[in-house]
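Novice: Given two chains presented individually in distinct reference frames, assemble the corresponding complex, making use of the accompanying hints.
Residue numbers (my numbering), protein chains in the order written: chain A, 1 to 479; chain B, 1001 to 1098.
Errors might be hidden in some of the hints.
[To be verified] Pairs of lysine-lysine, DSS-like flavour, derived with a Cα cap of 27 Å: (1) K29/A <-> K1045/B; (2) K1024/B <-> K80/A; (3) K1095/B <-> K255/A; (4) K1087/B <-> K62/A; (5) K1087/B <-> K89/A; (6) K1062/B <-> K89/A; (7) K130/A <-> K1062/B; (8) K1078/B <-> K89/A; (9) K181/A <-> K1072/B; (10) K115/A <-> K2/A; (11) K433/A <-> K409/A; (12) K1045/B <-> K136/A; (13) K136/A <-> K1072/B; (14) K292/A <-> K130/A; (15) K1072/B <-> K89/A; (16) K89/A <-> K1045/B; (17) K215/A <-> K255/A; (18) K433/A <-> K443/A; (19) K341/A <-> K413/A; (20) K130/A <-> K1087/B; (21) K181/A <-> K292/A; (22) K130/A <-> K1008/B; (23) K473/A <-> K441/A; (24) K215/A <-> K1095/B; (25) K1062/B <-> K290/A; (26) K29/A <-> K1078/B; (27) K1087/B <-> K359/A; (28) K387/A <-> K341/A; (29) K29/A <-> K1072/B; (30) K413/A <-> K390/A; (31) K130/A <-> K1095/B.
Since the hints were derived computationally from the structure, they do not count as laboratory data.
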Amino acid sequence: MKNFEVVIGLEVHVHLLTQSKAFCGCSTKFGLPPNSATCPVCLGLPGVLPVLNEKAFLYAVKTALALNCQIQDVIKFDRKNYYYPDLPKNFQISQYEMPLAHNGYVDIEHSGREKKIRINRVHLEEDAGKLMHDEKRGLSYLDLNRTGIPLLEIVSEPDLRSAEETSTYLQNIKSILLYLKVSDCNMEEGSLRCDANISVRPKGENALGVKAELKNMNSFKAVRDALSYEGRRQIDLRKKGEKIAQETRLWDEAKAMTAPMRTKEETHDYRYFPEPDLAPFTIERVEIEKIKSALPELPQVKKKRFISKYKVSEYDANALTRDRAVSDFFEETIRIVDKPKEIVNWLLGDVAAILNERKIPIEKAPFKPAHLASILRLIQSEEITGKIAKEVLQGVFDTGSQPEAIVDKKGLKQIKDAGELSGIIEGVLTENKKSVEDYKKGKKNAITFMVGQVMKKTKGKANPQKVNEILRKKLGSQI
Amino acid sequence: MKQRIDKKTVRHVARLSRISLSGKEVALYQKQLADILDYINQLNKADTTGTPPTSHPLESLKNVFREDRVRKSLPAEKALQNAPERKDDFFSVPKIIE
Ligand SMILES: [Zn+2]
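Here chain B stands alone, though its shape is the one from the complex (with noise of 0.2 Å):
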């Protein structure tokens, strides 16, 4: 079974990742999608009658936790290191109307 996936549902997906793509990217990415999906699709064909969903490669691990207990932070000038665009302390970003 040959996967498909149109050159909207490309679009869709770069522009949930704030990508954009010229016209050629589009059909590049809309081939190599289609090849990841039909290489995940094989695993459609196991047999998985009697097998459990999981969510974790790591069955026998679980109910991993932490104490409740402050360690230091980073500085802040540590975190705003890589800040592009900085405001005193803060970092500055484009307003965006929500």
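Same shape as in the complex, but just chain A (with noise of 0.2 Å):
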């Protein structure tokens, strides 16, 4: 039996972050009031000019240099003809003959093995509406106001190979436009989405084989499983020597599963041509140059410095870089107090738990690269056990007060006094004489009750090694 690969190709659309519209002045914001954000550019009314949003034009080209993509001499945009209820003006302001960027490339590490992802393309649009559907009365409704919002389209080379590399390759473009700050990336609100092209063929062969397009993919774990079964399907065809359809599928979530899109068959004919209202547009390369320069660190590059800089493994690299902020909070920390190894298990360990538990991003947490750092220092110092780091940090958290002024307020420091502890111990041996007698029977286990109960007492202030030590010599000395 034939070994068979899956090809795919993806089509990442994202809206980009700017205050008003590609080619008109009306609010991106999202969850506006039904049809509230919409004017006669976006409706599409007759005799109106759209002229383009400078700032889309520029996050454009950012996102296109990031993505090592070379900007086209000539830029200019046309019109996608086309009849849908979504689409007011009967056709979409696109790029087609000359788009922004061309051949670019994405490095994507995959198991271990580097690998670079080819960009075909990267060109500037418009959105169209949303559309509820009423099952019931075979209604939709309309609602304009995503109309008209800058979408960049990023169109890959069918280079990827499986559903996770799919996965990771997605990843490193949203962690890409994050850095740049040029989209939220919001996929539940639709800030980015993607169809692939996939398709199968025995392994050796050169020659594509027929593909499908699939559509409705609204997360990453979507995308996960809806390229894993599609891939399994196709598969499953050829091997009974059954022919693929070419045809748009879509995913369904709830069944788990692809099925073709009820769609009348015709071609599609775009009658694609020069979008007559927008002037072309240039940009000169010394300006390309100086774009390029002021590109932030990326994060393929920015984690290959944390492995060879800051010694941590590939694994915490990822983590930590996937988001700017991670990066950026781990770094200020690192140079309040250098201690790499620390701040990632904090940061990755309980302030990434508390993050996920209170649904915040960490740049809007009340919790700084100072207050892990002052935490670090209590524990270094021993004035506050681990345990009690935890407490510190909710404190940090709730209020957003010093570590120092939570431990003196709460009076969390540690008590490693061996008189106090002594006292303490003493109690703690009286009250539980049945624990001394299984320990001078030889359960030693019996040992860690009591330091348990000496914890309790102390509220987890007690310095453990030295319970232990102490607890030891008492016992012994009464054997």
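Specialist: In structure tokens form, the structure reads like this:
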């Protein structure tokens, strides 16, 4: 039996983070009341003139450069003509012949191997409106607020070979966009979307198989699930000697399967032609170089630097650099207290858990690098125990106060004074005669129970090593 | 050179524009479209050696931008005033399966 491989190309659509739409001054804000952010331009009323948003153009150029693309000498817009209720003008302003940029790539690391995923093109277009279907009444309700929001389309070459690899690629694109601050990449709100072209072929063959276009994947999980399902489906068909139909298929999250889209079989004929209302755009080489040199350090580069400079593991480096704000937090903390290992453990452990629980991004948290640095110093100087440190961390999140102040106010300072501990331990020993007996009879783990009792009495503030030491001494002398 | 355009093409173009045509109209537009194409084709006779292709009539015009600033939009009531059907503040349209 032949071995098959899956071949995937991804089209990523992303909302650019501008205040106003691509060609008019309507707001791009998510969640406004229906049809409250439209105007004659984005409604496609007669006689209006679209004018390109400079920031959208700049963000598009930035992204294309970060994706290692070549910016074209002359950039123009075209009309893509089709009829659909979400498109009031009956055409979408897009780019066909002379898109913004070509020939880029993104590096991805997958199962320890590095791989270049080529990018065919990056172009700028406008989004369409949003339809909500009323299945019962056979109607759709249309909100045109989204119409005209600047959308960047990033088209990869068919270089992806698995669902997991595709997910990694998408994650990398997302990280890059977040680093550039050109999009919020919120998949739930539809500001990051993707469609995939997927086909299968016998391993070793160069020609591409018949592809299906896969839509309606609205989360990273959906991307992985839909592509693995579709890959398996096509391979099963091929193994049975059946043909693959060239069609568009939708991922059905509930049924966990893909199904062909019900549509009249008519090949798309978009009759592209140059958008006469928009003059062409050019950008000087020096300007491009200037933008390029002002790009921030990108996730892949930063990841490698973290591994070599701070000796963090590849896994941790990945987790740290996925979000620019987390990586900045990490480095700012290191600048105050040079303990990369401890910082990674806190950031990716307890801090990440609290952020997750409270559903806030790290940059909006009251917890700052100086706070983490203080906590680490308090642990190092043995003023607080590791256990108490977690309580202090919660306190900073709750109040925004300095860790030292929380320790003072709540009296959380570690008890390491031998005299004070001795007194507490004496108490525990008299109250737990049975455990002392057990210990003497040879049940050595009875001591763990007694340490626990001391901790309970001191609310976790006792220095555990000291407690152990004193306990052993006292129990020994009692034997 | 006389431009030919067949009935099938006329019907296809009409379908793409969501226009329904009677048989008589198809014949009428077949002739009219052929005439228009003939007219346009005269341009092909012009000598364009050394003339770079252009996509816009105003050659000196380029890089026309607007600042990224939010301006007042139409109130929903105005945006919806031409809607044949509406449901609350939504346009209501027949459901199209896709
Ligand atoms: Zn508008």
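Novice: So, for every hint listed, does it hold in this structure?
Specialist: Hints, one by one, checked against the model:
With a C-alpha separation of about 51 Å, the suggested pair K29/A and K1045/B falls outside the 27 Å cut-off, and the hint is violated. Restraint check: the Cα-Cα separation between K1024/B and K80/A comes to about 30 Å, which exceeds 27 Å; the hinted pair is violated. With a C-alpha separation of about 23 Å, the suggested pair K1095/B and K255/A falls inside the 27 Å cut-off, and the hint holds. Proximity of K1087/B to K62/A is assessed by CA-CA distance (about 41 Å); at most 27 Å being required, the pair is judged violated.
Between K1087/B and K89/A, the direct Cα distance comes to roughly 21 Å. Compliance with the 27 Å bound is thereby established for this hinted pair. For the hint pairing K1062/B with K89/A, the CA-to-CA distance comes to about 24 Å; that is within 27 Å, so the pair holds. Between K130/A and K1062/B, the direct Cα distance comes to roughly 32 Å. Violation of the 27 Å bound is thereby established for this hinted pair. With a CA separation close to 17 Å, the supplied pair K1078/B and K89/A stays within the 27 Å bound.
Annotation: proposed proximity of K181/A to K1072/B holds, straight-line Cα distance about 26 Å (limit 27 Å). A C-alpha spacing of about 25 Å is found between K115/A and K2/A, which places the hinted pair at or below 27 Å, so the restraint holds. Straight-line distance between C-alpha atoms of K433/A and K409/A comes to about 35 Å, which puts the hinted pair past the 27 Å bound. Only pairs whose Cα atoms come within 27 Å are accepted, and K1045/B paired with K136/A is rejected, the gap being roughly 58 Å.
Only pairs whose Cα atoms come within 27 Å are accepted, and K136/A paired with K1072/B is rejected, the gap being roughly 36 Å. Distance restraint check for K292/A and K130/A: the Cα-Cα separation of roughly 35 Å exceeds the 27 Å cut-off, and the hinted pair is therefore not satisfied. Between K1072/B and K89/A, the direct Cα distance comes to roughly 20 Å. Compliance with the 27 Å bound is thereby established for this hinted pair. Among the hinted pairs, K89/A with K1045/B is inconsistent with the structure: their alpha-carbon atoms are about 34 Å apart, more than 27 Å.
Restraint check for K215/A and K255/A: satisfied, since their Cα atoms lie roughly 15 Å apart, inside the 27 Å limit. As the CA atoms of K433/A and K443/A are separated by approximately 13 Å, the hinted pair is consistent with the 27 Å bound. At roughly 24 Å between alpha-carbon atoms, K341/A and K413/A fall within 27 Å of each other, so this suggested pair holds. For the given pair, K130/A sits about 14 Å from K1087/B by alpha-carbon distance, which is consistent with the 27 Å threshold.
Between K181/A and K292/A, the direct Cα distance comes to roughly 15 Å. Compliance with the 27 Å bound is thereby established for this hinted pair. The straight-line distance between the Cα atoms of K130/A and K1008/B is roughly 34 Å, outside the 27 Å bound, and the hint therefore fails. Restraint check for K473/A and K441/A: the C-alpha separation of about 17 Å stays at or below 27 Å, so the hint holds. About 19 Å separates the Cα atoms of K215/A and K1095/B, which keeps this hinted pair within 27 Å; it holds.
With a CA separation close to 21 Å, the supplied pair K1062/B and K290/A stays within the 27 Å bound. Proposed proximity of K29/A and K1078/B is supported: the alpha carbons are some 20 Å apart, at most 27 Å. Between K1087/B and K359/A the CA atoms are separated by roughly 35 Å; this puts the pair beyond 27 Å, and the hint is violated. Of the supplied pair hints, the one linking K387/A and K341/A holds, its CA atoms being roughly 18 Å apart against a limit of 27 Å.
In summary, the hint linking K29/A to K1072/B is supported, as the alpha carbons are separated by about 13 Å, within the 27 Å threshold. With a C-alpha separation of about 13 Å, the suggested pairing of K413/A with K390/A holds against the 27 Å cut-off. Proximity of K130/A to K1095/B is assessed by CA-CA distance (about 13 Å); at most 27 Å being required, the pair is judged to hold.
This entry does not satisfy hints 1, 2, 4, 7, 11, 12, 13, 14, 16, 22, 27, going by the numbered hints stated previously.
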